[in-house]
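Protein chains: 2
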Amino acid sequence: MYREEMVAKKLTIGITAPKGFKAVGIHCGIKKAKNDLALIYSERPATAAGVFTKNKVVAAPVIQCKKSLNTSNTFHAILINSGNANACTGQPGLDNAFIMAQETAQRLNIEPNQVFVSSTGVIGEQLPMDKVVNGIKNITTLIEASDDLSAAQAIMTTDTFPKLFHKTFLINGVEVSIGGIAKGSGMIHPNMATMLAFITTDALIEKSLLQKTLKKVTDLTFNKIVVDGDTSTNDMVLILANGASEIEIFENTNEYKIFEKNLYDVLRKLSIDIVKDGEGATKLVEINVEGALTDEDAEKAARQVALSPLVKTAIHGEDANWGRIIAAVGYSGIDFAPELFEIEINDVPILKKNYEVTLPNQLANQTLKSSEIKINLYLNIGKGKATVWTCDFSEEYVKINGSYRS
Amino acid sequence: MYREEMVAKKLTIGITAPKGFKAVGIHCGIKKAKNDLALIYSERPATAAGVFTKNKVVAAPVIQCKKSLNTSNTFHAILINSGNANACTGQPGLDNAFIMAQETAQRLNIEPNQVFVSSTGVIGEQLPMDKVVNGIKNITTLIEASDDLSAAQAIMTTDTFPKLFHKTFLINGVEVSIGGIAKGSGMIHPNMATMLAFITTDALIEKSLLQKTLKKVTDLTFNKIVVDGDTSTNDMVLILANGASEIEIFENTNEYKIFEKNLYDVLRKLSIDIVKDGEGATKLVEINVEGALTDEDAEKAARQVALSPLVKTAIHGEDANWGRIIAAVGYSGIDFAPELFEIEINDVPILKKNYEVTLPNQLANQTLKSSEIKINLYLNIGKGKATVWTCDFSEEYVKINGSYRS
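Residue numbers (our numbering), protein chains in the order written: chain G, 1245 to 1650; chain L, 1245 to 1650.
Check before you lean on any hint, since a few could be wrong.
BS3-like cross-link-like pairs, simulated, lysine-lysine; straight-line CA separation at most 30 angstroms [to be verified]: (1) G/1276 - L/1627; (2) L/1596 - G/1310; (3) G/1459 - L/1544; (4) L/1597 - G/1310; (5) G/1298 - L/1596; (6) G/1275 - L/1613; (7) G/1618 - L/1298; (8) L/1275 - G/1613; (9) G/1263 - G/1544; (10) L/1460 - L/1411; (11) G/1300 - L/1629; (12) G/1300 - L/1596; (13) L/1618 - L/1629; (14) L/1618 - G/1300; (15) G/1311 - L/1596; (16) L/1311 - G/1596; (17) L/1597 - G/1300; (18) G/1459 - G/1618; (19) G/1613 - L/1276; (20) G/1300 - L/1627.
If you are wondering where the hints come from, they were derived from the structure by calculation, not from laboratory data.
Okay, chain G solo, but in the shape it has when bound (with noise of 0.2 angstroms):
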């Protein structure tokens, strides 16, 4: 299992690697007995970059974030709590919002622009602020004795691990580091679906560079992860620049590639953990499509497969039934030529052009025996490219999905 591997490689290490930052997760009481709050803070002043859900309904914390980012360019410290998404909770839904960044502010002694907030949980109930206003005054308190883990466990709802990952590398001859934590189970789709992730680096990167530079490779990372299609209300990905490494990073430079690159590694990490942690999954699935007629068409045949009940119950039951996969491409509404079509899962051709099956049902199958599997989808039309990842569709997903309010 994922988690045992987490833990004995000590990989507990992830927002705090980068000099400068601290953070922390405590328990306030929105849920029962689990951590609920966390804190990630930096005490030099940082530059900051969001990137947030495109649902219509959007989240308190979500709309309290946009501010901030649109009203000051230095920022100090990030407050997330599990177990409420304080979404569709109209106006004391977004006095609330503020209330943290306020008391957060205040505790910290900055100010209440320059505290992020986020929420993760039910929708729909007005946060307990008097068990959260008490746990933000315990928690500024702690946050010297920093806890990477505690602070990646109390931003998790379903999830099965905690998520936290860092890059330190050379820039010059100096150490910069990048790290994060995430959240994300269920609901995981393009767009920001139920899925927090909140990083820090210690380059100096300048505001507006850093918000494009944050797009561009969350587009590649976690915009490419596919669980279930559902987008919720309160996804956002926060990055804070603190500089303390004293590199500053300029466009179009190497000093740049060097950083995006690593940014890279450690979104598509944190990205990949959370389709590994999807409600149920047993099976990483990364999804390959080239020879589309354009970049855009391969991405839409992909995310179709990925989307597929069939396929996704089909891999959970090993089971390589081509003809789900032709049977979803053929309706992702692309330029298609099911003639052309060749597959092959974990490299072993399976469909070749003209529907010749190279292999027996039942070697065919043996190809789905591992717990990561790479299906590489050929349409031979064109060169449009894309990747996903997915997850496989057990029996779990519906226990989990069914009784998580309950």
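Given the coordinates of chain G, assemble chain L onto it according to the supplied hints.
For chain L alone, kept in the frame of chain G given last:
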């Protein structure tokens, strides 16, 4: 259970209710033991119409049927096999579909393009033509011993009960009937997904008017059902009108209205039976959207809710989780004002404007206890409306679809 109800009520007449039609189903050996070949026959020549899959991967029998529709004006028979879809089978598959029509025509002393052929089952394997041809020899001799139920059973795949229905009504004092059989289960979606329906009537109705009417009524029935978002390569709705009642139906008449209404009733009943039999389904769900800007927007929202695995699993778990419903509407891409949104479940208000929750969770959950669920969604921004039918999503769905082929 629905199956017992059907047997108890002796609802075993469908396509032979209209005068002059015979139907029978047999086992020809494609499947191990169950019926797998059905024949519907009218000695009197009939007009016909068809609606077919929109998947870009089109099975051989669909191509064969379209050819027949284009090259003949009179028709006598429909031959259907289950167990093998004859899809993605290239030229040999096309040849086999033609041979099925040819062999049937020869035995019935008619032309090959007066016979429709249809297949459902596994994709990508060639039909065992020796068994099929032998089956045609047997079934054409057995057709006089007409038995609707055996025909309805012979077209089933993962269906748990046969689907047949008819209505008999008076036009100008003369009895006219419309009957049908259908198969569905899993993969049901708009645009005729893995769904076969064969309709008969003893009304007399000209071919192009029949086509127009079938298309219109199919859009209001079979194309409103949403089970899992996958669409198939083989789907079709065919109708034969043999005129044995001597009642002719002309457009824009009172008789036409009566005919169309009864056709709607038959197709609606078969559609709802298909949803009820959705793989692992335990609840029939009707989703009505009102107050969207346009009917198209209303339909988009209804389908997005019907397709959401999170909504479907919540209904299965009897959890009135309105947050998942509002989130699904929010990402359907339509114009939407969340604060004006209202939800009723089985006519009980669950959510009123400004996110006002009208009932405690436990009471709201009570509304989901029944086996038929009606969800009314009021957008309150326009006059657009739409209805779709779907089912819940149970653990059983995953079990069935993870092991269908193996």
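Quick rundown of the hints versus the structure:
Proximity of residue 1276 of chain G to residue 1627 of chain L is assessed by CA-CA distance (about 44 angstroms); at most 30 angstroms being required, the pair is judged violated. For the given pair, residue 1596 of chain L sits about 28 angstroms from residue 1310 of chain G by alpha-carbon distance, which is consistent with the 30 angstroms threshold. Pair hint residue 1459 of chain G plus residue 1544 of chain L holds up; C-alpha atoms about 28 angstroms apart against a cutoff of 30 angstroms. Note on residue 1597 of chain L and residue 1310 of chain G: the hinted pairing holds, with a Cα-Cα distance of about 25 angstroms set against a maximum of 30 angstroms.
Our distance criterion of 30 angstroms between C-alpha atoms is met by residue 1298 of chain G and residue 1596 of chain L, whose separation comes to about 24 angstroms. Restraint check for residue 1275 of chain G and residue 1613 of chain L: satisfied, since their Cα atoms lie roughly 27 angstroms apart, inside the 30 angstroms limit. Between residue 1618 of chain G and residue 1298 of chain L the CA atoms are separated by roughly 28 angstroms; this keeps the pair inside 30 angstroms, and the hint holds. Restraint check for residue 1275 of chain L and residue 1613 of chain G: satisfied, since their Cα atoms lie roughly 27 angstroms apart, inside the 30 angstroms limit.
A C-alpha spacing of about 41 angstroms is found between residue 1263 of chain G and residue 1544 of chain G, which places the hinted pair above 30 angstroms, so the restraint is violated. Using a Cα cut-off of 30 angstroms, the hinted pair residue 1460 of chain L and residue 1411 of chain L holds, with the two alpha carbons roughly 19 angstroms apart. Proximity of residue 1300 of chain G to residue 1629 of chain L is assessed by CA-CA distance (about 19 angstroms); at most 30 angstroms being required, the pair is judged to hold. Straight-line distance between C-alpha atoms of residue 1300 of chain G and residue 1596 of chain L comes to about 18 angstroms, which keeps the hinted pair within the 30 angstroms bound.
Distance hint between residue 1618 of chain L and residue 1629 of chain L is fulfilled; the C-alpha atoms sit about 15 angstroms from each other, no more than 30 angstroms. Between residue 1618 of chain L and residue 1300 of chain G the CA atoms are separated by roughly 24 angstroms; this keeps the pair inside 30 angstroms, and the hint holds. For the hint linking residue 1311 of chain G to residue 1596 of chain L, the alpha-carbon distance of about 28 angstroms falls within 30 angstroms, and the restraint holds. The straight-line distance between the Cα atoms of residue 1311 of chain L and residue 1596 of chain G is roughly 28 angstroms, inside the 30 angstroms bound, and the hint therefore holds.
For the hint pairing residue 1597 of chain L with residue 1300 of chain G, the CA-to-CA distance comes to about 16 angstroms; that is within 30 angstroms, so the pair holds. Using a Cα cut-off of 30 angstroms, the hinted pair residue 1459 of chain G and residue 1618 of chain G holds, with the two alpha carbons roughly 26 angstroms apart. The straight-line distance between the Cα atoms of residue 1613 of chain G and residue 1276 of chain L is roughly 28 angstroms, inside the 30 angstroms bound, and the hint therefore holds. Only pairs whose Cα atoms come within 30 angstroms are accepted, and residue 1300 of chain G paired with residue 1627 of chain L is accepted, the gap being roughly 20 angstroms.
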